[in-house]
Amino acid sequence: MHQFQISPIIPIEVGGWDISFTNSSLWMLIGAVLSLVLLGVAASRKSIVPGRIQLLGEEIYGFVEDLITDNIGHKGREYFPLVFTMFMIIIMGGMLGMLPYSFTYTSHLAVTGALAFLVFFTVLMVGIARHGTHFLHLFIPPGVPGWLLPLVVLIEIVSFISRPITLSVRLFANMVAGHVLMKVVAGFGIMFATMGGLGWLGSLLPVIFNVAIIGFEFFIAFIQAYVFAVLTCIYLKDTVEIAH
Amino acid sequence: MSKMKTVLLAMSFAILHAGYALAEEVAAHGEAGVHKGGGMPQFNFESWAGQIFWMVVFFIILYTIFSKAVLPAISDTLETRKSHIEGHVKAAEILSAEAEQIETALKEALRNAGHKASEEIQLVENEAKARNHDALSSFRSRFESDISSAEGRIAKACQNAMSDMDSIAADIATKMAEKIAGIKADPSQAETVVRSLSDKGRKAA
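Keeping their order, the protein sequence lines are chains S and V.
All residue numbers for the first sequence refer to my numbering, where the first residue is 1 and numbers rise by one.
All residue numbers for the second sequence refer to my numbering, where the first residue is 1 and numbers rise by one.
Just chain V, with the same shape it has in the complex (with noise of 0.2 Å):
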């Protein structure tokens, strides 16, 4: 606050001096304003001829350089940033469509990578299945066949068994005939009585 007193003391002290400097001037000046007749100056017609003619001077020289040289340049300048401001946003514009462009091709080429990809597995599980499904026929086949050779063994086993089983039986006939009733069979006509019966029997069944 003190600093600012001071200073505006300092200014008021400047401006006093300056003041009277300034009065002592305006009286003597006025004092010949007085002598030369007063009025204001810009009704003296003795100096309108020389303010025209260098007032007519100065534009000339103005409009001159100005038009042939100051404003074309500007207008060069300002007509060069334009163009080359149009020139970078345009560039941009390219780069940007290219970078989709790429993006797009980016995308397509993901999509198809997908697609090839997704292809090759469906192959590969397809193949498998198909492996599997070989492996098992073959297996399966094998098995069958295996099973139906047991099959056809065993019913030949069973037939040779039902013929023995009739010779037994035709055997055990004759020696029940011979032995109850005292009958002498023949063993070869029981066996062919017998043989009938079991094959009515399992006729019957």
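Next up, chain S with everything else stripped away, as it sits in the complex (with noise of 0.2 Å):
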């Protein structure tokens, strides 16, 4: 679990609560200077004709804005940057975990809680803002029988609650997965490789295995930030419009 451990790199205490900044903000910094690189660069480009970089930017924005006009519709371009912004730390901190010594920072529950409860709360405060006690009727799905009514809304409310719990929950659970895992495969092969004699063969399995893995784990990091980000889409949706 050594891959997992917070180490500060610069101890700040501030009214008693440890603030201080470890390898993890080290890592959250890396990626908010990349990507702000990244599509500062492809920002300020402005050609007709993109470049590479340019495109990739261009690519990535269409992407969330696909997202957003298919999940909530014309009405979500007021939460593009929340969502973009979502997209970018997420896939950020799961791309910079496949490095080797880096620090993946979505794999802590601590983070991806931040990131749900920042959604979760951004739906109840600008849906009670705006729907005001209509909001409560996201509760009381059309067409159920009266007798049945308890039990529905109790079952609408504990989802609407697990809401964040599950979104981060899942984040985080993959990317401990998925690192776990690779470290347990090249453990068989250290394993292997510290038999001596010919155990050195032994070890080829577990690192092409590992070699698979990590190009699925680049795949996974991409599906969790584009999971995340449409599940964010889907839950904002309730802000915009209540279907019943």
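Hints may be right or wrong, so weigh each one.
Only pairs whose alpha carbons sit at most 30 Å apart, straight line, appear in this in silico DSSO-like list of lysine-lysine [said to hold, decoys possible]:
id, chain 1, residue 1, chain 2, residue 2
1, S, K46, V, K68
2, V, K82, S, K46
3, V, K68, S, K75
4, V, K175, V, K200
5, S, K237, V, K68
Derived from the structure by calculation, the hints contain no laboratory data.
Make the complex out of the two chains shown on their own, each in a separate frame, by following the hints.
Here it is in structure tokens:
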């Protein structure tokens, strides 16, 4: 579990809270700087025929834009920066986490939880501010017989409250599981390698397997960012319109 | 094949080497982890405040810069490109419409030129025909007048000849009467008789 260990780089303490700049914060900084440089360069080119970096930036932009128009609709444009930032932070976390000796900041429940609750409270506050008590209709699906209503409302409320939990645990668990699996498989390789004699031949299989897993992990880093962004869109849709 | 084998072998040795190093490191940190009490670092709640704080800080920074600078710029570029392409497409449409107009004008001009040409040809043809006709008719009238004058002359000659014949006939008749019957006939009387006879014959004919 060493790869998930948080170690402070610059110790900071404010009002009894330990908010040290840690290895986790360092990789957040690297991810933020990297995404700002990448997108800043892409945005500053402004060429009619885009180059590689500009095209990459525009592709990410178009990808998130399609996600929002598909899941929220054209009213969802106000949430574009939110979903875009969410997507960039999570994909950067996953991708940078694939570098050796790096730290995957999305492998911590505190971080994924913070992002998930950000979405949750955005939905809750914007929803109540816009729809008032009508927002409570979210918990009453149409066409439910009266005698079943208490149960359905209870289920709806539980599912609404569990949204940030599932959102954060999904991302955190995926990141942890992938990295642990890689390490376990690498450990098998080391085990064979340290056996001596022709034991190193046995380490070839876990090495090949790990190569495949690493490719798969890059895919998961993208898919998890995508899933998080899609679910954010779906949850934010409740603030734009309540289906009934 | 042998090249690939060497590469694979070299790779295996490199991995082996790295493996030893990693094993030592894992062992060292494993012991340290055990000393700290183990468990997942994710559930060491002492680090939560810091993580949440820094995540929120970076989120706010990224959100601000993205929403204020990056996203509007990219959207601007995309919009510019869209309008640029649309402008070009529109210009192309206008040009093709113009080309079509020019083509129809050209066709019209060609058709008009054809009409004019055929009209002119007709005109020239008619003129030629008229001239031909005039020449023919003047020739015919000249020809006819020549014929009629010739006919007149022939008829006159014929008449003269006939009247000569009458006087000859009267002369012969007088002479015949004198020789055969010994009657002296008046030549002018004889001529009158012959003329009346030849008139009768001419009438009968």
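Hints and how they fare:
| no. | hint | in the structure |
| --- | --- | --- |
| 1 | K46(S) <-> K68(V) | 16 Å, holds |
| 2 | K82(V) <-> K46(S) | 12 Å, holds |
| 3 | K68(V) <-> K75(S) | 19 Å, holds |
| 4 | K175(V) <-> K200(V) | 23 Å, holds |
| 5 | K237(S) <-> K68(V) | 23 Å, holds |
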